[in-house]
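Undergrad: Residue-level listing of the chains:
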Amino acid sequence: MPGTQTLVNELVTKLKKRRVEGSQETALLTAELLRSVISQLKVPPTNQAETLIEAVKSVGELLVAANPVELAVGNIVRRVLHIIRDEDFSVAISSAGGDDRETAEQNGFRVQTVAAGPPSRSPSLHAILDRTPDSERAHHSSRDGDSFEGKGKSADRNAESWKLKHDVIRAVNELIEDINSCHEQIAEQSVELIHQNEILLTFGRSRTVREFLCAAKEKRRSFRVFVAEGAPKYQGHALAKDLGARGLQTTVITDSAVFAMISRVNMVVVGVHAVMANGGVIGPVGLNMVALAARKHAVPFVVVAGPHKLCPLYPQNPQVLLNEMRCPSELLQDGEFSDCMGVCNGSGNPLLNVVNPAFDYVPPELVSLFITDIGGYNPSFMHRLIYDYYSADDLDLQKRSNS
Amino acid sequence: MWWRSPSFILDKQQSDTVPHQRNPPDTLPLPLPSQPPFSMADTLQNPSPENNISAYYQTRAAHHAVVTGDWLAQAQAAIGRDPDDSTDTTVATVAGKPFSVIDEFNSWRKQPELAEAVAAIRALAAVIRNCQATTMMELEIELKKASDSLKSGDTTSISLTAGCDLFMRYVTRTSALEYEDFDSAKSRLIERAEKFGEISCKARRIIAMLSQDFIFDGCTILVHGFSRVVFEVLKTAAQSKKLFRVFCTEGRPDRSGLRLSNELAKLDVPVKLLIDSAVAYTMDEVDMVFVGADGVVESGGIINMMGTFQIALVAHSMNKPVYVAAESYKFARLYPLDQKDMVPALCPIDFGVPIPSKVEVETSARDYTPPQYLTLLFTDLGVLTPSVVSDELIQLYL
Chain R
42 MPGTQTLVNE LVTKLKKRRV EGSQETALLT AELLRSVISQ LKVPPTNQAE
92 TLIEAVKSVG ELLVAANPVE LAVGNIVRRV LHIIRDEDFS VAISSAGGDD
142 RETAEQNGFR VQTVAAGPPS RSPSLHAILD RTPDSERAHH SSRDGDSFEG
192 KGKSADRNAE SWKLKHDVIR AVNELIEDIN SCHEQIAEQS VELIHQNEIL
242 LTFGRSRTVR EFLCAAKEKR RSFRVFVAEG APKYQGHALA KDLGARGLQT
292 TVITDSAVFA MISRVNMVVV GVHAVMANGG VIGPVGLNMV ALAARKHAVP
342 FVVVAGPHKL CPLYPQNPQV LLNEMRCPSE LLQDGEFSDC MGVCNGSGNP
392 LLNVVNPAFD YVPPELVSLF ITDIGGYNPS FMHRLIYDYY SADDLDLQKR
442 SNS
Chain W
3 MWWRSPSFIL DKQQSDTVPH QRNPPDTLPL PLPSQPPFSM ADTLQNPSPE
53 NNISAYYQTR AAHHAVVTGD WLAQAQAAIG RDPDDSTDTT VATVAGKPFS
103 VIDEFNSWRK QPELAEAVAA IRALAAVIRN CQATTMMELE IELKKASDSL
153 KSGDTTSISL TAGCDLFMRY VTRTSALEYE DFDSAKSRLI ERAEKFGEIS
203 CKARRIIAML SQDFIFDGCT ILVHGFSRVV FEVLKTAAQS KKLFRVFCTE
253 GRPDRSGLRL SNELAKLDVP VKLLIDSAVA YTMDEVDMVF VGADGVVESG
303 GIINMMGTFQ IALVAHSMNK PVYVAAESYK FARLYPLDQK DMVPALCPID
353 FGVPIPSKVE VETSARDYTP PQYLTLLFTD LGVLTPSVVS DELIQLYL
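In order, the protein sequence lines correspond to chains R and W. Residues 42 to 444 in this note's numbering are what the first sequence spells out, letter by letter. Residues 3 to 400 in this note's numbering are what the second sequence spells out, letter by letter.
Derived from the structure by calculation, the hints contain no laboratory data. There could be a bad hint or two in this list.
Unchecked claim - Within a straight-line C-alpha distance of at most 30 Å, the following computed DSS-like cross-link-like pairs (lysine-lysine) qualify:
hint: 1; chain 1: W; residue 1: K147; chain 2: W; residue 2: K188
hint: 2; chain 1: R; residue 1: K98; chain 2: W; residue 2: K153
hint: 3; chain 1: R; residue 1: K98; chain 2: W; residue 2: K243
hint: 4; chain 1: W; residue 1: K153; chain 2: W; residue 2: K197
hint: 5; chain 1: R; residue 1: K83; chain 2: R; residue 2: K206
hint: 6; chain 1: R; residue 1: K98; chain 2: W; residue 2: K188
hint: 7; chain 1: W; residue 1: K322; chain 2: R; residue 2: K337
hint: 8; chain 1: R; residue 1: K282; chain 2: R; residue 2: K260
Unchecked claim - What follows is a set of in silico ranges between Cβ atoms, one per label pair, in the way DEER data are often shown:
hint: 9; chain 1: W; residue 1: R131; chain 2: R; residue 2: Q81; range: 21 to 31 Å
hint: 10; chain 1: W; residue 1: L339; chain 2: R; residue 2: E233; range: 56 to 66 Å
hint: 11; chain 1: R; residue 1: R425; chain 2: W; residue 2: S242; range: 27 to 37 Å
hint: 12; chain 1: W; residue 1: I396; chain 2: R; residue 2: E218; range: 31 to 41 Å
hint: 13; chain 1: R; residue 1: D429; chain 2: W; residue 2: Q374; range: 23 to 33 Å
hint: 14; chain 1: W; residue 1: K243; chain 2: R; residue 2: H207; range: 15 to 25 Å
hint: 15; chain 1: R; residue 1: N419; chain 2: W; residue 2: E200; range: 28 to 38 Å
Since this is a predicted model, take the numbers as computed values, not measurements. All C-beta atoms, glycine included, are put in the ideal place defined by N, C-alpha and C.
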């Protein structure tokens with residue numbers, strides 16, 4: 042499959058050179074790439090699900106390794122793997138329910154999943170209790186298969202292989218659709234959260250936040266928005282411009298003025314880079330300060346996040362492992378430091394260092410509410426959503442690619 | 003919480019004056035109404051000659067023998083005496099043959115690496131295997147009796163009770179029993195029971211594997227007491243060439259921290275021993291706190307060795323993560339509302355000097371750490387936040 046190989050390489054290069062940024066765009070590109078990988082893959086008649094999973098995993102490893110900080114890539118890869126497992130399970134259910142049991146028997150993997158229940162569920166006390174021993178499973182499946190020997194095997198198999206792939210591609214399309222439309226669904230909930238004459242504060246630039254605020258405006262709510270500019274990228278300026286153009290009362294403040302203004306604010310609404318499994322969030326640098334200020338003044342800190350931002354990993358040492366040091370030119374663009382940049386002390390180390398981290402980790406205690414496309418949730422509830430979206434078998438995607 | 007009521011306090015005062023009377027909470031779950039209440043129940047509940055030491059504590063002593071060898075001997079003697087009293091009355095007569103759960107349980111329990119709950123699970127699996135019943139209902143009743151007798155052998159052990167409850171849930175409340183003939187259903191049950199025992203056995207390895215991500219090079223870990231899971235975690239980390247150091251609390255009164263420090267020193271892990279009251283003093287050097295658990299309760303909190311709560315409080319106020327390593331068979335159906343809302347497990351405390359009789363001594367061996375002070379729990383089900391544990395438990399027994 043030379044066609045997919047070039048596509049994969051293209052995205053890997055883009056990710057490596059940080060030419061795609063922003064979790065939504067990355068998520069969409071990843072999902073589309075995986076869709077074309079799946080559609081161009083020739084599946085063998087048996088073990089199709091495993092073949093698909095292997096193919097998606099190998100591509101996923103490359104993509105994750107290209108930019109490990111962009112968690113959306115890993116999330117989408119895991120979602121697609123979960124979709125394959127899920128569709129495989131439902132195909133197996135339907136085939137076991139119908140006449141063609143011998144196909145199920147041929148495919149040992151499939152039979153196991155039927156017996157064990159949906160493979161998607163993360164390990165839980167339930168699952169441990171209801172898991173059946175392998176020997177028993179094999180015994181039953183072979184006995185079932187014997188009674189239906191030799192009845193149009195090949196035709197069934199072809200139809201089924203086509204069906205699985207078709208179902209998976211359809212589900213991936215739905216996923217892409219979900220990612221595209223999550224803004225609208227999140228924005229719909231804004232009327233319930235934004236009240237008349239309130240003052241809101243947001244930080245940096247997020248498309249989700251923009252749609253969220255504009256939706257409330259369209260419903261004739263009048264409110265004011267403070268936008269912290271979000272140094273060093275100053276994306277807040279762009280957001281303020283957008284909001285002003287849509288007719289919202291907008292005020293731009295510096296990041297350092299957040300604490301000064303927060304006592305007048307009724308709610309903080311922010312978009313984030315990723316949501317971790319414990320309910321903590323990774324956001325643009327400076328977000329933790331905003332969250333602490335909001336906590337100090339008991340202002341609700343609301344995070345809006347689409348489904349592609351949910352990451353099933355726990356943050357271990359997030360300040361280091363999930364962070365990225367960006368180019369210092371963002372800080373020193375004026376060139377006024379240029380004369381001291383070259384100066385070194387005796388041992389050859391430069392006297393002037395510039396550190397420009399890209400992300401901040403906000404612990405779950407500081408988040409009041411998550412607004413997702415399917416409703417508002419408490420930080421401690423995020424694990425439930427994550428268990429619904431991902432299978433436990435796929436969690437170590439990134440770990441394997443790192444080692 | 004009825005034993006905190008005035009009537010209980012009165013009873014307790016009386017029992018203190020009358021040496022052979024037991025604490026009222028222990029009498030409650032006894033399924034032996036026909037027996038002479040005191041002498042019989044005494045040997046069942048508290049096999050040791052000393053009346054105010056719980057069976058819970060003896061098990062700990064047997065497994066973690068640190069202080070003296072005679073604790074072990076005493077506990078062994080108590081174990082040896084136990085079945086004579088309880089088996090004949092409960093199980094053997096029902097089964098109509100010499101097999102007994104308690105014997106089976108004790109033979110499993112002799113293995114020092116095997117947790118009490120796993121021993122109980124194995125013993126209950128043996129009950130199914132040896133059962134003469136011909137209907138599902140009979141089998142269930144017999145299992146129930148066996149698990150009750152196991153539980154009553156040591157009412158203070160949370161993991162034993164929780165393990166038995168989980169096993170019963172596993173065997174009786176499942177959809178996988180829809181078989182026409184009894185024999186195939188029974189063989190299936192045996193298979194599942196053994197599977198469950200196996201999973202529980204592997205739990206410690208799984209937890210050690212899961213927790214490796216959280217131990218980073220150069221970190222300092224504070225541990226409290228001796229927990230086999232925590233030891234396994236640290237051992238695995240040391241074997242995978244991680245560089246870390248460990249602060250062990252002394253773990254009074256049974257000084258279990260001393261044993262952990264011995265074991266760790268054998269693995270060439272840098273260890274520092276602290277007295278229990280030095281926790282706050284050293285907390286600023288600590289990167290994470292690791293504790294085991296006697297039981298994980300429905301709120302998501304844990305019940306563990308005395309002192310865990312105050313360590314968690316100190317760690318919380320200094321913003322250090324508190325990690326708990328606990329196997330899933332320790333998930334118990336309890337919801338303690340505060341520290342005293344538990345069956346107390348008592349242990350002897352040696353102060354080194356004679357204590358005047360007027361001075362009261364707090365001899366409780368465990369405390370309850372509420373979920374808000376815990377960061378994550380490492381279980382064989384995965385890495386969970388306290389609220390997930392709570393969710394799991396409530397769903398399981400829904």
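Undergrad: Each hint should be assessed against the structure and marked as holding or not.
TA: Verification of the hints:
A threshold of 30 Å between alpha carbons decides the hint, and for K147(W) with K188(W) the separation of about 18 Å falls inside it, so the pair holds. Distance restraint check for K98(R) and K153(W): the Cα-Cα separation of roughly 47 Å exceeds the 30 Å cut-off, and the hinted pair is therefore not satisfied. Pair hint K98(R) plus K243(W) holds up; C-alpha atoms about 29 Å apart against a cutoff of 30 Å. The hinted pair formed by K153(W) and K197(W) meets the criterion: a straight-line CA distance of about 22 Å does not exceed 30 Å.
Distance restraint check for K83(R) and K206(R): the Cα-Cα separation of roughly 10 Å lies within the 30 Å cut-off, and the hinted pair is therefore satisfied. The hinted pair formed by K98(R) and K188(W) fails the criterion: a straight-line CA distance of about 41 Å is larger than 30 Å. Proposed proximity of K322(W) and K337(R) is supported: the alpha carbons are some 20 Å apart, at most 30 Å. The suggested pairing of K282(R) with K260(R) holds, with an alpha-carbon distance near 20 Å, which does not exceed 30 Å.
For R131(W) and Q81(R), the Cβ-Cβ distance of about 54 Å falls outside the hinted range of 21 to 31 Å, so the restraint is violated. Hint check: L339(W) to E233(R), Cβ distance near 35 Å, so the stated range 56 to 66 Å is violated. Under the hint 27 to 37 Å, the C-beta atoms of R425(R) and S242(W), about 32 Å apart, fit the expected range. The hinted window of 31 to 41 Å between I396(W) and E218(R) holds, with their beta carbons roughly 35 Å apart.
For D429(R) and Q374(W), the Cβ-Cβ distance of about 26 Å falls inside the hinted range of 23 to 33 Å, so the restraint holds. For K243(W) paired with H207(R), a C-beta distance near 48 Å fails the hint of 15 to 25 Å. Here the CB-CB span from N419(R) to E200(W) is close to 36 Å, well matched to the stated 28 to 38 Å.
When each numbered hint is compared with the structure, violations occur for hints 2, 6, 9, 10, 14.
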